[in-house]
Amino acid sequence: METFLGLDYPTWWFLVIGGLFSGYAILDGFDFGAGAWHLFFKKDHSRRIAMNAVGPVWDGNEVWLVIGGGALFAGFPVMYATFFSGMYIPFMLFLVFLILRGISIEVRGKEEWPWWRNMFDIIYSVSSIMLAFLLGVVLGNVLQGIAIGENYQYQGAGFFEFLNPYSLLTGFTTLFLFMTHGAIYLLLKTEGRLFAKLTLLMKKGMILFMVFFGITTMYTLLYIPHLSDDFKANPILFLAPLITFLAIANVPRLANKKRYRLAFIFSSLTIASMLVLVAIELYPTLLFSTVDPQYHIDIYNAASSEGSMENMLIIVAIGTPLVLGYTYFVYRTFRGKVQLDETSY
Amino acid sequence: MDTEILARIQFAFTIAFHYIYPPLSIGLGLLMVIFESAYMRTKNKQYHILAKFWTKIFALTFGIGVVTGIVMEFEFGTNWAVYSRYVGDVFGSALAAEGIFAFALESGFLGVLLFGWNRVKPWVHLVSTIGVFLGSMFSAVWIVVANSWQQTPAGYHIVGEGINARAEITDFWAMVFNPSSVDRILHVWLGALLAGAFLVLSVHAYYIVKNRFVNISKRAFKIALAVAAIFSLAQLATGHSSAEGVAVNQPAKLAAMEGHFPASASADMYLFGWVDKESQEVTGLKIPGGLSFLLHYDFETPVTGLNAFPEEDRPGQINAVFQFYHIMIAIGMLLIVLSLYGMFLWWKGKLFKKKWVLWTFVFAAILPQIANQTGWFAAEMGRQPWVVYGHLRTNQAFSQAVTDNQILFSLILFLIVYTLLFLLFIYLLNKKIQHGPYETSEDEHSDRPHTKEITQIVTGN
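Just so you know, the sequences run in chain order A and B.
Going by the numbering used here, the first sequence opens with residue 1, and the numbers climb by one from there.
Going by the numbering used here, the second sequence opens with residue 1001, and the numbers climb by one from there.
Chain B extracted, bound-state conformation (with noise of 0.2 Å):
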């Protein structure tokens, strides 16, 4: 296999597997700020076992983000160093604002967050875990500026010819806020809360049907649920204001996403389907003029399509761009009537009655995932064949220097070492699981209902 080709699987490879674990921390951050500060207000014991219990598995999930996101950093350089080269001005910036505003205010404070129960005051601790969780924020956004400065460029301009071609800041703040990041800060924020949010409900729901725990994961669960109902509405509206974004800034990306091929005609809106390049037809359920109403509302306006795009200017795998941006947005909704359809049942006094709805809440956990790893390649392999869109091609940006076998020996690496990650993650979160949110069996024991009673009537209390 080619460099280019081996290059773009590793970073494909390490990037989707990093990408698991940094929302999950993000969304999990929320939830331990939320029920710390519960805890703080109402002095419920509950809300401090709920505090600690999140914190152990954010702890797991913190620490495999932190790893393999320095792989991401050191990738740029060994794997992509034309590209390195060409947007160090800019993406170097942005990369160690990250890491100086965000990463340091993470880390401090990680360390009191996990081993500092006992050690400060509650106030600090409180403290601690909301600047852990700011500055996961943050890191969302430093490195969310750096990719959509490759998707929308903006405040530079190029220096130099060929291999020595770069890119220069003119204008700190035009850079930063180029015409995509605050949509796609925003896009990716929400996704990362909702992955934590539908993690919490997913344990907890888990719980309740397994009638253990029940007492405190019905509080958790409750208030996961309003989160979620929050937030999986809100990424609606940023999904859409996104959406506009792309039709003006990456017209063959939508173009892509969609399946439109004429240069300029009313386009349709698919609910699922399958594009044939070769023939240029979908297949599928689709909603006539859809996208020209989605962008324009009005059924007729025409959209910009692929075939006002040179050939060598257009995205190679539209089908998989296609499929990755419908099934990101068919789980999207998905997340919506789940926790509206909760909302629903609370109101009504039913949330815990229906084992259905619990069962569904116990495996909905792996649909923001999917939904954040689907919208990522989408988004990526929409830009391409650019690696910064219009200036940089992905096929002239890896590194010169770097043999096919190296790559294919740092790859078998990482294939063997995430893996073992993987399994490692899955068998220590099921434990945590298992073992539940109490570290004592008499605190245990208070959260059963009826040995509560009992207890209340044999001791007499």
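Isolated chain A (complex conformation) (with noise of 0.2 Å):
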């Protein structure tokens, strides 16, 4: 087999994939927060500013999930076909929340009617909740396994399979981790009496999010061998999690010395070393059966072929650097508090 560096097609292929939904939850991440926390700010004012926080930069933010689902469509299509068409509902729930999402934005300062304004930051905020949640849910039917039979066939037919304590549980924890990070994007961009309610939220945030990862570690220790089985036999890996909680417990220390752009940082990396203890508790697998240890989908059997692989590397290759630089520029542009003019939503 073809490598480079030492590594194989495949698993450059799984870091390359990795990186970009971790890069999706970072910054969807904000906004996605950003959103669930809409209706505690109550006067139209402070609605218009938080939503322009994210006005800008939410599109730029899903182009990531496109990049993400095009790279593993190219690069692991059984594992895309496979998961998508098994999570059939969620996915399908995902898509119609980020629909309404985007179209509240961009409509809700159309009109000044209250009735109009307060029905799009519902339906912006609903929406924000539902889609940070969902994310969650498919990540924890991820980790815990589908019921993938011959051919890679999903057999599972239930209508809320989807639903089960190990997602919910991954749903929440998701959800108050991103309203955290959403609330701390929301402090560097907002001034006043908003800034000072963001304050506190964040910390209500900080603490569910931190109770839901305890409880949902334990859970994974407890009730799902395949994904514990790792840490047992290497120790030395409980240093993801372990980063995990001391990045998520320099966030508020960093709130409170008023390094906000520091902690928007580590709020990140919280996000980025829990996408790397997924990454770890898979390697090299991608999605588990739960019918039969024969049919769980790994790097390997989902696997383009090398050639398109090697194509896509060098595709990735020019184009990451592009994108890096186009999301510098826009944010630079968007630096500081925010400034409502007449191009504002």
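Just so you know, these hints were derived from the structure itself, not from any lab.
Just so it is clear, the structure is predicted and the values come from calculations on it, not from any experiment.
Hints are not guaranteed to be accurate.
[Said to hold, decoys possible] Label pairs and their calculated CB-CB ranges:
no.: 1; chain 1: A; residue 1: Ile236; chain 2: B; residue 2: Gly1390; range: 48 to 56 Å
no.: 2; chain 1: B; residue 1: Phe1013; chain 2: A; residue 2: Met119; range: 20 to 28 Å
no.: 3; chain 1: A; residue 1: Pro284; chain 2: B; residue 2: Phe1409; range: 31 to 39 Å
no.: 4; chain 1: A; residue 1: Leu39; chain 2: B; residue 2: His1157; range: 50 to 58 Å
no.: 5; chain 1: A; residue 1: Arg259; chain 2: B; residue 2: Val1124; range: 24 to 32 Å
no.: 6; chain 1: B; residue 1: Leu1420; chain 2: A; residue 2: Asn151; range: 56 to 64 Å
Ideal placement from N, C-alpha and C gives every residue a C-beta, glycine not left out.
Using the hints, build the complex out of the two chains.
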């Protein structure tokens, strides 16, 4: 098998996709999180500020999902096909909420009527909450495994099979993580009373996150042996959850010191380290079969051809610096506190 | 209803709805670049106002295009799992390239385009506008490459058998430049540019008829008219070369487009008609031997017909393919006539004199939209029964794991959400149009020739 710097192509591709989804979780994570708090702000002006904080960037953030999805399709088509068709209902709900959320950002400010603005505020906030939650639910199903049988066919058929105790736990954990992350982002973007309120909200979000993260970790260690085995065999891997805890614990400390930018970097690191944790638990598997271990989907049986992977790695190598460049450019242009003008939402 | 049909209805519905918006974004993008460049060169404030006005409408189409587009990317996996495994190596590559090269460019600069007017230097803003426009052009490239590969596969080999068979790329550039991709990319681009140009024509024609924002509208109308005239003529060329390609690469599709049944005989070209699949007859107005002439410059040369293919390899809905194809062509011709007639009136100095011409332009905005939709329906239904031409049948490509109830659920969800979305789009578009291009009433007054003169007299300036 071809290798590059000592790693085979599927492993590289696993890292690329992991990186893309981490980038997506960090970026759309803060704008889902910010949206989840939306109804906690009472005044129209506060809501406008909060919405315009994500206004110029939400669309660019979602591009990471598009690229991640495309990369999964290209790199591991078997995983893409089996998982997306297996998780049909949660993905369909995800798409519909994504539409509703994007549209409410676009149109909320287009009319002055209170009922109009309230309606889109509610749609915006509820869909932000549901999106964060569904991402967690989907992740929970990846970790726990789904019923894959012969020929990589998903065999479950229940409408609500994607909801189970573990996926609910990961759903809430993700929601509260994003809410904490989103609150910090808004701290960077707001002033005055809204800012003061967010300081309090951020702490609440963090406590909820820590509680759920703790429970989820215990549940994983106790009930999901295929995930915890790696850890028991290599205790050094326990560093990953430890780093996650330390990173999140560092956030309020930095916030108290008013070093919000650094706090935001640390909450991003928390998300990244959680996904590193997920990657360690999975590798080289992508999706566990609950039917029989021989039907596990891993990075080798799901992979595209080597030639294709090589082409795609070249494309990624050319494209990534460009993407990072545009991202830097747009965040730089809109750095600092939100200022409303005639082009704002 | 069975799962295959439901999956096809859902895909057709979501893609058709999606395809209202990206062409508008591409077409408006070009005009925004023109307006903004004109402002940079001439420093005429009206161009600046036009650029800003159309950017707002662009924002609306772009937003809906993005959110409905993400649906498409997921649907391959959710509803067409067998297909996704089969083409992942090829289609996935094109899709990933689209994400990295096109969407990132588009969305990266979008924030600056929409909200950066007061934050960056004018030339940086123009660069952002160009970035967004190019990004939208590139995104059309990659997705059409992927679709063209399904029509005319190249640069691949098949590995495995039965449900585990899959296509693998052997030559990336042969895959990208497969026999139909260049023709189809150009055809799609021009269709999109026309959609944008005719929307601009429509809105400004409306203002002129209503005697509002007349000065600025005449300026915008002339630019858009030139764009429309150039591209509607060019579309004739790309359309012709596309049809020649279809004749070579997908003869069954071409035969369905013209309702041509005999296995090998000279083929007629219909201006309009109705295909009866049972009796294999077409009723309508035709040019005898027209299709033969179009392809071979000779009225007698035989063209392969539907009967040359086994029943199970022919498109199922021949009459539908025929109708969609003919509607597209008729509209294409109409757009040429309209824009050339407009150019003629402009040359004669009578462009804004005839009210009925302006009203025609007001309603003509819908025409490129219909042509874009029917063109795609002809292309995709004409490809049937194959999802990958000659290799994978549509009835084998859908997700086995998804039940009909699940699809029905999602289909109803999409129907409701997209209906609301469409109503919202029309409402907001109308609101923006009624509000007009000016942000302040002061600017607006300067656009009324009479008022301006009166002001001059009153204030003595």
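* For the pair Ile236(A) and Gly1390(B), does the Cβ-Cβ distance stay inside 48 to 56 Å? -> holds, 53 Å
* Asked: Within 24 to 32 Å or not, the Cβ separation of Arg259(A) and Val1124(B)?
  -> Since the Cβ atoms of Arg259(A) and Val1124(B) sit about 30 Å apart, the hinted range of 24 to 32 Å holds.
* Asked: Is the distance from the Cβ of Pro284(A) to the Cβ of Phe1409(B) consistent with 31 to 39 Å?
  -> 35 Å Cβ-Cβ, so the 31 to 39 Å window holds.
* Hint check for Met119(A) and Phe1013(B) - Cβ pair distance inside 20 to 28 Å -> holds, 25 Å
* Taking 56 to 64 Å as the hint, is the beta-carbon distance of Leu1420(B) and Asn151(A) inside that range? -> Check failed, 39 Å falls outside 56 to 64 Å.
* Is the distance from the Cβ of Leu39(A) to the Cβ of His1157(B) consistent with 50 to 58 Å? -> holds, 55 Å
Hint 6 from the list above is the single one not met by this structure.
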